[in-house]
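Number of protein chains: 2
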Amino acid sequence: MEFSSKLLEQAVNEMSQLPGIGKRTALRLVLHLLRQPKGQTMALSNALQNMRNEVKFCKSCHNISDNEFCEICASHSRNTEIVCVVEDIRDVMAIENTSSFKGLYHVLGGKISPMDGIGPHDLNIDSLVKKVKEGKVKELIFALSSTMEGDTTNFYIFKQIQSYNVVTSTIARGISVGDELEYADEITLGRSIINRIPFEASLKL
Amino acid sequence: MEFSSKLLEQAVNEMSQLPGIGKRTALRLVLHLLRQPKGQTMALSNALQNMRNEVKFCKSCHNISDNEFCEICASHSRNTEIVCVVEDIRDVMAIENTSSFKGLYHVLGGKISPMDGIGPHDLNIDSLVKKVKEGKVKELIFALSSTMEGDTTNFYIFKQIQSYNVVTSTIARGISVGDELEYADEITLGRSIINRIPFEASLKL
Chain F
1 MEFSSKLLEQ
11 AVNEMSQLPG
21 IGKRTALRLV
31 LHLLRQPKGQ
41 TMALSNALQN
51 MRNEVKFCKS
61 CHNISDNEFC
71 EICASHSRNT
81 EIVCVVEDIR
91 DVMAIENTSS
101 FKGLYHVLGG
111 KISPMDGIGP
121 HDLNIDSLVK
131 KVKEGKVKEL
141 IFALSSTMEG
151 DTTNFYIFKQ
161 IQSYNVVTST
171 IARGISVGDE
181 LEYADEITLG
191 RSIINRIPFE
201 ASLKL
Chain L
1 MEFSSKLLEQ
11 AVNEMSQLPG
21 IGKRTALRLV
31 LHLLRQPKGQ
41 TMALSNALQN
51 MRNEVKFCKS
61 CHNISDNEFC
71 EICASHSRNT
81 EIVCVVEDIR
91 DVMAIENTSS
101 FKGLYHVLGG
111 KISPMDGIGP
121 HDLNIDSLVK
131 KVKEGKVKEL
141 IFALSSTMEG
151 DTTNFYIFKQ
161 IQSYNVVTST
171 IARGISVGDE
181 LEYADEITLG
191 RSIINRIPFE
201 ASLKL
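Order-wise, the sequence lines are chains F and L.
According to full-length UniProt numbering, the first sequence holds residues 1 to 205 in order.
According to full-length UniProt numbering, the second sequence holds residues 1 to 205 in order.
Among the hints, a few may not be true.
It does not matter which identical chain is used: a pair holds within one copy or between any two.
What the hints assert, rightly or not - Below, computed lysine-lysine pairings styled on DSS-like, alpha-carbon distance capped at 25 Å: (1) K38 with K6; (2) K38 with K131; (3) K38 with K23; (4) K136 with K159; (5) K6 with K159; (6) K23 with K138; (7) K131 with K159; (8) K130 with K204; (9) K102 with K6; (10) K136 with K59; (11) K56 with K130; (12) K102 with K138.
Hint data in this document are derived by calculation from the structure and do not stem from the laboratory.
Model, not experiment: these values are computed from the prediction.
Model the full assembly from the supplied sequences, consistent with the hints where possible.
Laid out in structure tokens, this is it:
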């Protein structure tokens, strides 16, 4: 791509570093900013700089936070004995939106993935194991995505904590609400039959 | 969407102002920046600010430029008597990539579109008409997209300049190279038959 302006070229190059944004999309976004009032570009770049410079991670659960401890960890109305282990902060937001969990979270910051060069020590696993060792946690819920990397990570953590007095569970796998059986994959359908729940219990959900 | 950090929320809100970027995509992009070294966020925001503050538009053709006149208008090897009228600078880049045009461009900055509140006076039409009036232009090639708005804009400009001594043409519409006839729309296929060219001439392309 030949640009008539070095400034434009630099902006497009930087924008196209973002995941899923190619050169063409980057050009479209940058030209959009050029057409809008200057204030919009300034607000965007200031917001990004402020966030990158000032944002903190909660010292307890590694969630993104403006303070030393995030709102969830600092809250007095949460059950601190149940910890839900998730991959990143988007999962915290997703689970919080369901309003069905009142415990705390622990954000790993990724999954063990040798193919991508991510080992256990690149993740926030040590601090989780420490919490368990200190006897602060009664139940650990694994809520990682159901992939090989997710399963590996679950198993790695499980091995580290199995000798301590803690209940471990994993979120249920099954047919999504509203989905038709015939389109479900075999593994999911099989698991949903093996892990069936009493009908009367399902009426109360 | 509930955010655990105001700084994160602001960054996501600003990012989601960009066209085609929703809140979820914005969050993904912003979290990616958080995972990368600080330098990347700084480089992106500086490049955007520099571009928005410093970029100029060529005084002659309204193309984006770092100088008063863009490289194409300032070049001595271009034919200044043929002007190709395009919608925005992406079209200039696209035509330049074909290496098949050695004249100058004129960037309108959009199309006449009453539905979007864009009238002739929001576009760089007056300066184009002035160039024609001054007798600097021998041929005008309309290269706007083939939509109702594009056709309206072509016709509006044509009306303004038809009394002057200038040849006007429009880029050829037809079946794309490599496309199969059966999937072409009727209007395009019809035009490609009406505007057929001598077979011997096509061999030389």
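Hints, verified against the model:
{"no.": "1", "hint": "K38 with K6", "result": "both (19 Å within a copy, 23 Å between copies)"}
{"no.": "2", "hint": "K38 with K131", "result": "neither (48 Å within a copy, 30 Å between copies)"}
{"no.": "3", "hint": "K38 with K23", "result": "both (22 Å within a copy, 22 Å between copies)"}
{"no.": "4", "hint": "K136 with K159", "result": "within (18 Å within a copy, 80 Å between copies)"}
{"no.": "5", "hint": "K6 with K159", "result": "neither (54 Å within a copy, 37 Å between copies)"}
{"no.": "6", "hint": "K23 with K138", "result": "neither (50 Å within a copy, 35 Å between copies)"}
{"no.": "7", "hint": "K131 with K159", "result": "within (15 Å within a copy, 78 Å between copies)"}
{"no.": "8", "hint": "K130 with K204", "result": "neither (37 Å within a copy, 76 Å between copies)"}
{"no.": "9", "hint": "K102 with K6", "result": "between (52 Å within a copy, 22 Å between copies)"}
{"no.": "10", "hint": "K136 with K59", "result": "within (15 Å within a copy, 69 Å between copies)"}
{"no.": "11", "hint": "K56 with K130", "result": "within (21 Å within a copy, 57 Å between copies)"}
{"no.": "12", "hint": "K102 with K138", "result": "within (14 Å within a copy, 75 Å between copies)"}
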